[in-house]
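Trainee: Once you have looked at the hints, place chain B on chain A.
Residues per chain, in single letters:
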Amino acid sequence: MKKTLIIINFLMVLNVICAQEVYDFQYNISYDMYINFGHRVLNKAELFYSNTTSCYVYKPSQNYTSIAGAYEDDERSVAICDTATQTVWCDKATNEIIELSSAGDILIIDSIPAINWEIQDDMRDIDGFRCNKAKCKFRGRTYTAWFSLDIPCNWGPWKLHGLPGAILEAYDDTNEISFYATSIHRCKIQRTKADKNQYKQMTVKEYLHRFEGKFEEELKRGLSKTNPGLQIQVSKVKIRSIELEDE
Amino acid sequence: MNKFLIFFFFFFLHIHIWGQSIMGKVTDEQSQPLAYANVIVRLATDNTIVSFVQTDYKGEYVIDVGIGTWCVEFSLLSYEKTNFTITIGEQEIVCRDVVMLASSFLLDEVEIIPQLPIQIKNDTIAFNVSSFLRGNERVVEDVIKNLPGIGVSDNGIISVQGKEIEKVLLEGDDLLGKGYMLLTKGLNVMAVNQIEVINKYSENCLTKDIINSDKVALNLKLDESSKYQWIGMVNAAVGVKNKYDGHLNLLKVAKANKHYIIGHLNNIGNRIIDDLSWTLNQGSQVGLLVGIEDDAPDINLERYNFNNEKVISGSSIWHPTDKVKVEMNNSFSVDSRNRICGKSQTFNVDTHSFTHHLNKTVDSNIMEYAGGIKTNICLYESSMITTATHLLLKKNKLVGNSTFDEQNFCEDLNNKQTLVLQSINYTNRLAANNLLAINAIYRYQNLPQAYFVKDGGVATENLYQKTQTVQNNFEVSVGFVSNLSKLSKIHLSTNLLCQSSQFKTKLLMKEQSYIPFSNHVYGLSLIYTFRSKNLELRGGGDIEYQNVKMGNLIKSYIYPIPFISLDWKINSKHAVKTIWTLARKIPEWTECFPYSIRTSIDSKQIGSGQIDLLSNMVGSVEYQYGNWEDIFLANLKFSYIKDYLFYGVEQKLNSDYVETQYIPLKGREMYSISGNVDYYISPISTNIKLTGSIERVFSKYRIKNLGLFPYRYSSRRIGVSLKSVFQGIFNFDLGSAYHSTCNKMTHFRYEKIHTFGNLFLSLKRFKMELNGSSFYLKNNTQHQFSHYFFLDSEISYNIEPNVCTIFIRGNNLTNIKEYSKDIFNEISSTHIIYALQPRNILIGVEYRF
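Note that the protein sequences, when read in sequence, are chains A and B. The opening residue of the first sequence carries number 1 in this note's numbering; numbering runs sequentially from there. The opening residue of the second sequence carries number 248 in this note's numbering; numbering runs sequentially from there.
Chain A on its own, in the form it takes in the complex (with noise of 0.2 Å):
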């Protein structure tokens, strides 16, 4: 009995320990990441990297909690901005990009999109390294990517991957959301990604249509506390993210 037992306390062990996976990076590159919804917010972003894995990291360089409302005759829009660390995790071997945010209990899972970038006959130096410009069209926006094979590395800033080189800037045409390089290091690095069985898990569909169903949700909520004879209707929720699209 004593020796089943030790057996199968030692196996739980084993189970959690082999829940969480850890990952060996070789190379880390920092970003500043820009997110414009009306005001231009600073993300500081590392994106560590290996040949199979990536994990992509940001979060507001500062204590943003601005609530922003402007009045445009009888509607109200309301910013909120995000102050969470956002993590993206990106593994060939299992086809997976998932994200994390510090602040939820939710996990969003997707397989790797396959991006299809166009290469550009444009070329410049960024600081010393000769760089190519690729374009893609990548969930709602269209992306300008500025790349150097001098640094091979398939791996890109948050989820634009699969170019042959680092890339060292990306914007979108709208200048909202844009990425620079600012530094690259080699390094040593372990990083754990979270056990997934601890977080709810949807795709990035879902996780879409929740958050602006929910909003939408607390809002009338709100509204319907009002005083009698107030009439308020709310309009179509229209939340700004990086991702205007699923696909």
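These are calculated hints, taken from the structure and not from any lab test. For clarity, every value in this text was computed on a predicted model and none was experimentally measured. It cannot be assumed that every hint is accurate.
Simulated pairs of lysine-lysine, DSSO-like, Cα-Cα distance not exceeding 27 Å [unchecked claim]:
| hint | chain 1 | residue 1 | chain 2 | residue 2 |
| --- | --- | --- | --- | --- |
| 1 | A | LYS59 | B | LYS820 |
| 2 | A | LYS44 | B | LYS820 |
| 3 | B | LYS392 | B | LYS499 |
| 4 | B | LYS936 | B | LYS392 |
| 5 | B | LYS328 | A | LYS92 |
| 6 | B | LYS780 | A | LYS44 |
| 7 | B | LYS474 | A | LYS133 |
| 8 | A | LYS59 | B | LYS570 |
| 9 | A | LYS92 | B | LYS305 |
| 10 | B | LYS305 | A | LYS193 |
| 11 | B | LYS1011 | A | LYS135 |
| 12 | B | LYS884 | A | LYS137 |
| 13 | B | LYS851 | B | LYS899 |
| 14 | A | LYS59 | A | LYS188 |
| 15 | B | LYS499 | A | LYS133 |
| 16 | B | LYS328 | A | LYS135 |
| 17 | B | LYS884 | B | LYS462 |
| 18 | B | LYS572 | B | LYS447 |
| 19 | B | LYS1011 | A | LYS133 |
| 20 | B | LYS447 | B | LYS570 |
| 21 | B | LYS753 | B | LYS644 |
| 22 | B | LYS272 | A | LYS92 |
Mentor: Quick look at chain B alone, frame taken from chain A:
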């Protein structure tokens, strides 16, 4: 049978899918497959990337290519790059396995300075030039026009958020002062990496953080590949009827010196710089009394300027030692200009009205030289001496053939100008928080003008006149500034100005008249500044004693000039600026002298004969919402000016000329409201701009023997423009503006509707630009609008990108022959028609090195 059909189906499908392909397996030295290795296919001739894939988890790859010779490259982290070259024929499938050797990636750890489109650091906003290129830019001025918040006028004057800039620096050095358009219209745009807008610009680095400046300057930062060697551009174009346009500029920027040479010649109406004296950067000078050219129309200069201009200019900066900097510039210009216009001037006086008609052709020959040398010597770390010597020589001969109310006249005007400036400045940063500045300036100016008119070939007695203005100015000022604390500072200065002018005039057969004019000013200035994180409050003023002498008339005045200003950034979105001041000044001596001077064939001018102290109050409030990086930006400004005592005019109407005398009057008011809104429409990558302004003037004037009359002036302007920033092959600018001005007393109204459209097409090496501009003009005496439509175009082809370009340029393709303009004053309205340059087409080549 079915099996055969299936077999042949897949066989042909195989051929259709693959066509030409390269496939294989990538392994390491131990024959282990290498997953996710990059496979890149390039053209063997010029290394252009054609296609790329990654190996799968088994290390295998397949890549489709066309027929030809290709270079296939393999890369993977921790492995050495490898490649092979291969020639593929039609429907050929090549198998190539590759072994990659392990190697630690030798990339050093690097810090990268990101090239953001816009970076803001303290008072400097830096624009990354490559982010604002749309493909049709040639010179620096072309990309400056694309920068948000920056405007460029037709004559090259740059303004930032509506405020004119002081200068354009090159790598921190000033080569050309206010004559910077010689640089911005000549320098190749590809040589410039970044353009900085420097707010609160001060030429003297020792005054930084001590003296608040509201000046703005631009600084051009060159691409590294453009430094330490001569770079330049040569541009030559010829057209029909002997039209030509040529341009050359050379630039060298090294660590210890900079040199810039520009040469320009053309007869298609271009003028690279309006006035060479702008390169001297020495502020305003005495103006000319007599002029025979009429006001210019409000269209591009090259449309109505018949010229034959040649300009050459050279500027250099040396640093012979770490403590000494020497700046030198020399510019020379000759031009032969011709202007043709006809005007009808209608006078409305009381119940009477009459009209004069004047048709005129003016030929002018101008020769001009401007040069100077400036030396900065750093005595110690905290003190500096600057000396400057400038010389301007100008000669202009104008001949005008006129028909005035059916009578023929010939006007002859000879102008000369000599200007010598000598200045010396000493600055000492006594401590971190204290500054002492001593300035001394001497200015000598001589302006002789000889004007006569021949009537039927004979000089008329009343129309032969020689005038000469000689001016000597000497000015000394001593200033002391102290930062009392981190938040506040005091600025105390005293200055002495001694000014002496002489004016001589001689009319044919009459004695020469001579009048001396001298002005001595002693002033004391005290300014207090309070500054916190979001707020700057300044207040103070000057006390001045002025002693003015004109002939036997002597007047002395003591007066204060107070002011207060507030600059408040309420939060990240809202900002307010306001300023109020009570100003006083003595009139210009040309407004005072008591003699009658002929200023053109149909006008005379007399000064007041008095020396009055003029005064006015100026107040303005400006509100701004948003910043550079925001999608929405708005600006609103309100200004109010009240003149307590000003110089108005008394008009006397004679049969063939109008005599205007300056007289002191009380009570004139002006207010204006202007605003603009910028909004970036993301889905169509386009910025929409709305502008509007209203201006009102309430004044008065006198008519000889009839008394004082009120004058009401009104102006309204509203406009909208769209500017695209597509990343593709096509871009556009569209806009329209309505402007109306009105003399509310005579009910004369003038309206203008200006609509423009610019289309830009950029397809690899081929570029095309089409500019259309439409004007609808009307005054209230006309029943319908006059319409003018101008069309210009340019097509260019880059034979070698950024090196050689050929182009065809067409100006005034619709061949509009004339253009009209209406102006009015208190008692008259004038309709002027200008002759325009005809259609011309030029073929040219541009070479950059």
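Trainee: Look at each hint and say if it fits the structure.
Mentor: Against the structure, the hints come out as follows:
{"no.": "1", "hint": "LYS59/A <-> LYS820/B", "verdict": "holds (23 Å)"}
{"no.": "2", "hint": "LYS44/A <-> LYS820/B", "verdict": "holds (23 Å)"}
{"no.": "3", "hint": "LYS392/B <-> LYS499/B", "verdict": "holds (25 Å)"}
{"no.": "4", "hint": "LYS936/B <-> LYS392/B", "verdict": "holds (15 Å)"}
{"no.": "5", "hint": "LYS328/B <-> LYS92/A", "verdict": "holds (22 Å)"}
{"no.": "6", "hint": "LYS780/B <-> LYS44/A", "verdict": "holds (25 Å)"}
{"no.": "7", "hint": "LYS474/B <-> LYS133/A", "verdict": "holds (26 Å)"}
{"no.": "8", "hint": "LYS59/A <-> LYS570/B", "verdict": "violated (47 Å)"}
{"no.": "9", "hint": "LYS92/A <-> LYS305/B", "verdict": "holds (13 Å)"}
{"no.": "10", "hint": "LYS305/B <-> LYS193/A", "verdict": "holds (25 Å)"}
{"no.": "11", "hint": "LYS1011/B <-> LYS135/A", "verdict": "holds (16 Å)"}
{"no.": "12", "hint": "LYS884/B <-> LYS137/A", "verdict": "violated (42 Å)"}
{"no.": "13", "hint": "LYS851/B <-> LYS899/B", "verdict": "holds (10 Å)"}
{"no.": "14", "hint": "LYS59/A <-> LYS188/A", "verdict": "holds (22 Å)"}
{"no.": "15", "hint": "LYS499/B <-> LYS133/A", "verdict": "violated (31 Å)"}
{"no.": "16", "hint": "LYS328/B <-> LYS135/A", "verdict": "holds (25 Å)"}
{"no.": "17", "hint": "LYS884/B <-> LYS462/B", "verdict": "holds (19 Å)"}
{"no.": "18", "hint": "LYS572/B <-> LYS447/B", "verdict": "holds (23 Å)"}
{"no.": "19", "hint": "LYS1011/B <-> LYS133/A", "verdict": "holds (14 Å)"}
{"no.": "20", "hint": "LYS447/B <-> LYS570/B", "verdict": "holds (25 Å)"}
{"no.": "21", "hint": "LYS753/B <-> LYS644/B", "verdict": "holds (19 Å)"}
{"no.": "22", "hint": "LYS272/B <-> LYS92/A", "verdict": "holds (18 Å)"}
In terms of the numbered hints stated before, the structure departs from hints 8, 12 and 15, listed from lowest to highest.
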